[in-house]
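K.L.:
If you want the building blocks of each chain, they are given just below.
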Amino acid sequence: MAFDAYQKREFKLVGTRVPRPDGIDKVTGRAMYGADPVAPGMLVGRILRSPHAHAKIVAIDTSEALALPGVKAVVTGADFVLPQDAFLADIGENAMAQGKSLYDGHAVAAVAAISAEVAKAALKKIKVTYEVLPHVTDVDAAMKAAAPVVREGLRLESVPDGAGGNVTHFCEFGHGDLAAGFAKADKIVERSFKTAATHQGYIEPHACLASVTADGKADLWCCTQGQFNVRWLCSELMGMEASQLRVTPSEIGGGFGGKTTVFIEPVALMLSKKAGRPVKIVMSRDEVFRATGPTVSTSIDVKIGMTKDGRITAGEAKLRYSGGAYQCMTVEMGGQAAFACYDLEAVRTQGWNVLTNRPKEAAYRAPGAPQAIYAVESVVDELCQEFGLDPIEVRIKNAAKKGTKSSYGPTFDDIGLMATLEAAKKHPHYTAPLKPGQARGVSCGFWFNFGGNTCVTLNVNTDGTVGVTEGNPDIGGSRASISLMAAEELGIPYEKVRTIVADTASLGFCDVTDGSRVTFAVGIATIRAARDAIKKMCGRAAKIWGIAEEAVEWREGAAHPAGPNAGKFPPMTLAEIAAVSFQTGGPIAGHHEVNADGAGVSFGVHLVDLEVDKETGATKIQRYTVFQDAGKAVHPDYVEGQMQGGAAQGIGWALNEEYIYGDDGRLQNAGFLDYRVPVASDLPPIEAVILEIPNPGHPYGVRGVGETSIVPPLAAISNGISRAVGKRLQQLPMSPPRVLKAIKSA
Amino acid sequence: MRYEKPQTVAEAARLLSAEKGLSRILAGGTDVLVQMKSGLIEPDLIVDIKALPGLRSIVAEAGGFRVGAAVAGAQLAEDRDLKKAWPGVVEAANLIGSTQVQGRCTMAGNLCNASPAADSVPALVAAGATVRIAGPGAARDVAVETIPAGPGKTTLKKGEFVTSIFLPARPARSADAYLRFIPRSEMDIAVAAAAVNLTLDAEGRVTAARVALGAVAPTVLLVEAAAAALIGSKLEEAALEKLSAACSAAAKPIDDKRGSVAYRKDVVGVLAKRAARIAYTRAGGKQ
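Going down the list, the sequences are from chains A and B.
By our numbering, the letter at position 616 of the first sequence is numbered 616, and the numbering carries on one by one without gaps.
By our numbering, the letter at position 125 of the second sequence is numbered 125, and the numbering carries on one by one without gaps.
Incorrect hints may appear among the rest.
[As the list claims (entries may be wrong)] Computed Cβ-Cβ distance ranges for the label pairs, DEER-style:
| no. | chain 1 | residue 1 | chain 2 | residue 2 | range |
| --- | --- | --- | --- | --- | --- |
| 1 | A | Lys614 | B | Ile41 | 15 to 21 Å |
| 2 | A | Pro410 | B | Lys252 | 55 to 61 Å |
| 3 | B | Lys37 | A | Lys56 | 30 to 36 Å |
| 4 | B | Ile41 | A | Asp597 | 17 to 23 Å |
FYI, nobody ran anything at the bench for these hints, they're computed from the structure.
A quick note: this is a predicted structure, and the numbers were derived from the prediction, not measured.
All C-beta atoms in this analysis are idealised placements derived from N, C-alpha and C, irrespective of residue type, glycine included.
This is chain A alone, in the form it adopts within the complex:
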C-alpha cells in the first residue's frame, strides 16, 4: 500500500468537536472582514450602474464628475485593455461594460473620491447616453429564433446549426439504446420544469481595498473564496505580473461559490492606479443582487420510463440553462449530474447554454446539479405514485453503486448512495406515521467534488507549537479541520496547532475554495506536510542519538528508536526536538504541494414532512432529515453545519427565492425584503445523519461535504407538496400563489 493511501485507523482527535479557532473573534466583532481594512489616504470608490437591461452605450461624459472637488479618479470601460482569452475578457467586460449594457445593474463607470458623499454626487454628474435595445430575460424566450440576440460571436462549435442566436454552447452525455429502453417501460412520464435564478445570499457584501503604487506594485485586500484566483484575474485585467500583485483574503461572511470570481476588485485597482491612492469599494445589497452572480435560470424536460415493479428502463433530459449575458458551462454539470444517482442501461442528457439580459452567473453550491436533479427526482416520484411504490425502495432498486457506469461516463468506485438510502429507510423519520394533512417528500442528490492545486507549509516552533499555513479562505470551518488533521498526524494536542490563511506572496498557488475541496485537498497536503516534518524530526533525533535516520520511528508525538537493535534511547517529543532544533540543523518545517485527485463523488438523501395551507398555498416545513456520506467527518459539528446549511438554502430556493424581472427587464427584488431567504422561524430543526464510508482517495478517508446538501431539497419539497395537494408542481419557487393555483386546478 502506498505511503499516503487510505488506511483504517483509530483516530484520537479527528472526529472530535473541538472549539472553532475563529469563534471568539467572530462573536466579539473583532474578525476582519472585507470592508474592515483602512489605509492612509484611502479614497471611497463607487460604481455607476446601468438602469437598462440591454442598451448601447453611445457616450459617457465624465468631465463634470472629474471637475467636482474631491474627485480623484474616474474609470470607464475604456480604461481596460481586455485580454484575448474569452474567459478573462468576459470577466473584465462584466466588471465594467464595454460599449453595451448587458443587464440591469451592469457597471458603466466608477469614481474614487475623498468621501462617500462626494463619490455619490460625482456619480450623478456622469452623463451616459444610452440607446435602449430590445431585451430578453426568460430562458425559453431567449431560445426562440425571433429573440433579440444578447451578444454576437460567443457561439461555440459545439452548437448545432439551426439553434437560436442566443445559444452559445451544446453538450451531450449518456450511453445505451434509449428507444429500446423506453420500449421496455410499463409507463413513460414526460414533464417540463422551470427553476428561477437564485442568489447565494451571503450576508457579507463584496468589499475590497486596492493600493497601486507609483512603481507598479499593488496590494489588494478583499473578501474572496480564492486569493490566488483573484491575483490571476486581476493581474491579467490590469496587465500586471502576478508577483507584483499581492492579494490578502479577509475573513469571509459567506460565499457558497459566489465569491469565486471578481467584480469590484479590478475596478478598485484601476481607480487606485489612476488616483495614486488606496481605494476601497464596498457593495451595497442592491448592487450584490443586481450585479454579482446568481445561479442559472433553467427550463428542463425530463422523460423517464419505468416497469411496474419500479425498475427505470431509460431516462432522458433536455436542459436549457442561462448564465446571463455570458458564456456559461454550468449546463455541462447539470447534464452530467442529472441521472448520476441511477444505474441505467439507457440514458441521455443534452444541454444548451442560452444568453439572456441577466447578470453573469457565478457558482452556487453544486452549480447546475440541483436544477437537473430536481427535474429528474420529480419524475421518478411521479412514477412511484403512479405504480404505488415506496419512493425509497424504488431508489434502492435503481441506485448507482461500485462498478456502475455513471450516466456521464466514469465508473463509480466506493460510493455511499446505497448506504444513505438504507439509513433513510430505517430512520424513525421515515417510519413515523404522517399526521392528517401532512405529506412526505424524498429525494436523492449527487455532487462530483473536487481536489485541485494545494500547498501547505507546516512550521514547527521551538516551543513545541505548530503553525500551519494554507491558502484557502475558511468558509466552512476548514481551519479547525486542518488543525485537527495536523495535530492527529503529529501526535500533539489540537490546541498546539494554529492554522492561518496566507496571502498570495506567502505560499504557492492554491485553487479556489470550491468543489467541496478544502478539507479533502488541504487535508492531504497538511497530512503530507506533517509527514515531511516528522521525517525531518526523526532525522534530528537520529543525529542526536547517533543512529541511522531509518532506525527512528514516530509515534504518539515523539521520536522513538525503531526497535531494540536501534539502541536504547528515551523518546524525544516534538517539543524536545523543536527546542534544540537550532543546534541540530536549524528550523524545522514540513511542506507539501499537490494537484490532488481522488476527491470521491458524494451522495445524499433528504426527507421532509410538510403541510400546505389549502386556502393560502403556504407551505410549512415540519420535519427535515439529511443523510449524507462524509467519508470521515473530521469535525462533525462543521459537517452537520454543511448538511443543515445546504438544506436551509435549498428550502429557500424551493419555496420563495427567485430573481423577479419586470417587463422592462429590470430586477424587481434587489434586497432581502423581497428576495426571501428563509428566516430562522421558517425552518424546522434539521437533523443531520452522517454516514462514514471512507474515501479511498484520502489518507483519513475524507470526502468533501459542502455542496451535495443543496441538491436534494428542491425535489424533496416539490415531491412533498405535490403529494399534499394532489397535483404535480413543475416550477420553482413554489411560492404561495403558485401552490394555490395548483390546488385550484387539481
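Dock chain B against chain A, hints included.
P.N.:
Relative to the frame of chain A, chain B by itself:
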C-alpha cells in the same frame, strides 16, 4: 440637511411651515432613515418630534387610550390595559419589521408613511381610531382612514403632523383581530391583510362590526358590506362566506412581485374569515 428637535408642538409646526424644501418628521425613523440611506429621499429638514410633550406616552382618556405619535411598538405590547382592550391593534403594530424595529417604530409613522401594506393601519381603521393633527392652525381630530391618500401620500397639509392616535372606549363583549399574509413567517410585508373589530350581545350575536383590508388597494379599505355580513350573525359558516366574498369583491389589488390580483383577492377573504373567528372568540363568543 438641517436636523431640529423642537420642544413644543407650536415650534415644530412653525419649522415645518417655514421650510421651503423637503421636510420629514422623525419619530422612530424606521422608514425615513431607511429611505434616506437608500437615496429614495433627500430631505432638507428633519424635525424630530420625540421631545414634544406627551408624544411618548399612552394615556387613559374618556375610557379609551391616547397613544402619543412617538410611542414605539414595544411600548404598546407592554401596556396591559391597551392590549386587553385592543388586542388586534397591538398585534398589528407588533408585526411591523422585526424585534429590533419594534423598539423604534410607531403607529403614527406607519400611518403617515402611507404604505398600502402598513400593518397597523387596517387594525386602527377597524377600531374606529381618530388621529389628532397639529399644524399652523388649531389642532383637529380626524378619522384614521382619512389620512392615507395613496401610496406614499397623505392628506396632511403643509406644516401639519400627527401628535397622537386615539382608540375609543369599548362596549362589553368587544374584541378585534388582525391577520396578514406573508410568504415567510416574519420580517416581511403584507401581501394582503384584514382586520376585524366586533361587539357581541349576551347571546353571542354580532351587534356591531368594522372590517378593514390592507395591501389590496392604494389605501386601506373599510368594507361596509363585509361588516354587514357579520352583523346579526353568530359567525355561522354562511356569514363567514358572505364576509369572505364581500372582502374579495371589495379588494382592488395590483399585480406585483409580492402577489397577483387573483391571489390577493382570494387570500384577503380567507384572512378576513380567520380574523373574524379570532375576534369572535376574543369577545367571548363560542363557535
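K.L.:
Each hint should be assessed against the structure and marked as holding or not.
P.N.:
The hints, checked one at a time:
A C-beta distance of roughly 42 Å is found between A/Lys614 and B/Ile41, which places it outside the suggested range of 15 to 21 Å. Remark: the range hint 55 to 61 Å for A/Pro410 to B/Lys252 is upheld by a beta-carbon distance near 59 Å. Range check, B/Lys37 to A/Lys56: Cβ separation about 33 Å, and the 30 to 36 Å hint holds. The hint said 17 to 23 Å for the Cβ distance between B/Ile41 and A/Asp597, and at roughly 57 Å that hint is violated.
This entry does not satisfy hints 1, 4, going by the numbered hints stated previously.
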